[in-house]
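Visitor: Sequence:
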Amino acid sequence: MPAPLPPLVLNEWFRRSARDLPWRRPGFGAWGILVSEFMLQQTPVTRVIPRLEAWLRTWPSPAALAAATPADAVREWANLGYPRRAIWLHRAAGEIATRHAGRVPDDVEHLLALTGIGDYTARAVAVFAYGKREPVVDTNTRRVIARAVQGRSQPGPPSRGDLAAMAALLPEDDRESAVFNAAMMELGAVICTARAPRCGECPLLDACAWVGAGRPDTGDLRRKQARYEGSDRQARGAVLRALRAAPRHEARTEHVVPDWPDAAQRDRAIVSLVDDGLIEAFDDLIRLPGGGPQASSSSESSESASRAGR
DNA sequence: AAGACGGGGAT
DNA sequence: ATCCCAGTCTT
Numbered sequence: 001m002p003a004p005l006p007p008l009v010l011n012e013w014f015r016r017s018a019r020d021l022p023w024r025r026p027g028f029g030a031w032g033i034l035v036s037e038f039m040l041q042q043t044p045v046t047r048v049i050p051r052l053e054a055w056l057r058t059w060p061s062p063a064a065l066a067a068a069t070p071a072d073a074v075r076e077w078a079n080l081g082y083p084r085r086a087i088w089l090h091r092a093a094g095e096i097a098t099r100h101a102g103r104v105p106d107d108v109e110h111l112l113a114l115t116g117i118g119d120y121t122a123r124a125v126a127v128f129a130y131g132k133r134e135p136v137v138d139t140n141t142r143r144v145i146a147r148a149v150q151g152r153s154q155p156g157p158p159s160r161g162d163l164a165a166m167a168a169l170l171p172e173d174d175r176e177s178a179v180f181n182a183a184m185m186e187l188g189a190v191i192c193t194a195r196a197p198r199c200g201e202c203p204l205l206d207a208c209a210w211v212g213a214g215r216p217d218t219g220d221l222r223r224k225q226a227r228y229e230g231s232d233r234q235a236r237g238a239v240l241r242a243l244r245a246a247p248r249h250e251a252r253t254e255h256v257v258p259d260w261p262d263a264a265q266r267d268r269a270i271v272s273l274v275d276d277g278l279i280e281a282f283d284d285l286i287r288l289p290g291g292g293p294q295a296s297s298s299s300e301s302s303e304s305a306s307r308a309g310r
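According to UniProt numbering, the first sequence holds residues 1 to 310 in order.
Calculated from the structure, these hints are not laboratory results. Heads up, a few of these hints could be off.
What the hints assert, rightly or not - For lysine to aspartate or glutamate, the following EDC-like pairs were computed, each having C-alpha atoms within a straight-line distance of at most 16 Å:
#1 Lys132 - Glu172
#2 Lys132 - Asp106
#3 Lys224 - Asp206
#4 Lys132 - Glu176
#5 Lys132 - Glu109
#6 Lys132 - Asp107
#7 Lys132 - Asp174
#8 Lys132 - Asp173
With the hints as extra help, turn the sequences into a complete structure.
Guide: Shown next as C-alpha cells:
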C-alpha cells in the first residue's frame, strides 16, 4: 500500500526543472498553444519546435490561417506526419474566425466542437492557455498513472476512464492543477519514459506503486502499430511528398512517384488523399488543394456525408 | 473496441 | 526490425 501521490512535490520538481519549451513562454498565446497541440499529436517535441515557429511567423492568428489556402497549410506542414492535421487545423481556424470572432475559445465544450480537436487537445488548450481546472491526459500522463498509481509497467489501451483517473488526482487549486497537468506530462517525457525509466531521478520514487511492488512486468495490453513499410500510408506519404516538391505543387497522375512498386496501391492512395481533402484531381492532373485557378471538380466525393459532433 | 493514419529517431 | 511519439476520426 503506497503513499498517495503527492501532487505538490511533483509541482515543485516541475517548477525547478521543466524544459524551456516555446509554448511554455509567458504570453505565448492561445493560438500558439492550439497550433502547438495540433502538431504535438503523435509527433515528438523536438520535431515540432522548428515547424511551429515557422507556422506562427506565417500565420500569427486564426484569421490569417483561415485566409490562406489548404495547399499553403499542407505545404507548411512539411514532413510532420499525419498531414490530415494540417487540413483540420486550417478548418479549425476558419471555424474560430466565423463562430468565435477569431478568438480561440476557452471552454472544453466549444473546443471539442472544432475540427481535429479531441479530448486531449481541448483540455490542453483550456488548461495551458486559459488556466482552467480540467484533466489533461496524454500518453505520458497515462503511463505515469499506470506506474505511480496502479503499479503497472505499462498503461492499458486508452479509455474514458483515463480522464476520471486524472481528475481524481488534480489539486483543488486552479493554478496548481494546471501545473500538475504539465508536470505529469513532463515527468512521463523525461523521467518516467516508456523504455528505460530513470527512477533514480524521479521525484515520486517514494510514492510510486510500481517501484513499491518491485517494478514487475505486468505485460503490455496496448495494440501494436501496423507495419509502415509497404503500407498504403507510405504510398500516401510518397504522393504528398512529391506534390510538395513539384512545380506549382501539381503533377500528371501517371508521373507521380512513377517508380512506386505497386501502381494500384499508388492509385488507391491518390483516391484516399482526394477524399481527405489533402489533394484535388481533375482530368489526369493532381495537385495540392486550392492552390491554383479553377479549383475543385471532383474533390468532394464521399466526405462530409458523415461528420457530426459527439 | 478496433483500424487507419506519417515519418523520423532511438534501441 | 521494432518501438515510440503531448491523438483524432471513422466504422
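Visitor: Please go over all the hints and tell whether each is borne out by the structure.
Guide: Evaluated hints:
{"no.": "1", "hint": "Lys132 - Glu172", "result": "11 Å, holds"}
{"no.": "2", "hint": "Lys132 - Asp106", "result": "8 Å, holds"}
{"no.": "3", "hint": "Lys224 - Asp206", "result": "32 Å, violated"}
{"no.": "4", "hint": "Lys132 - Glu176", "result": "10 Å, holds"}
{"no.": "5", "hint": "Lys132 - Glu109", "result": "13 Å, holds"}
{"no.": "6", "hint": "Lys132 - Asp107", "result": "8 Å, holds"}
{"no.": "7", "hint": "Lys132 - Asp174", "result": "6 Å, holds"}
{"no.": "8", "hint": "Lys132 - Asp173", "result": "10 Å, holds"}
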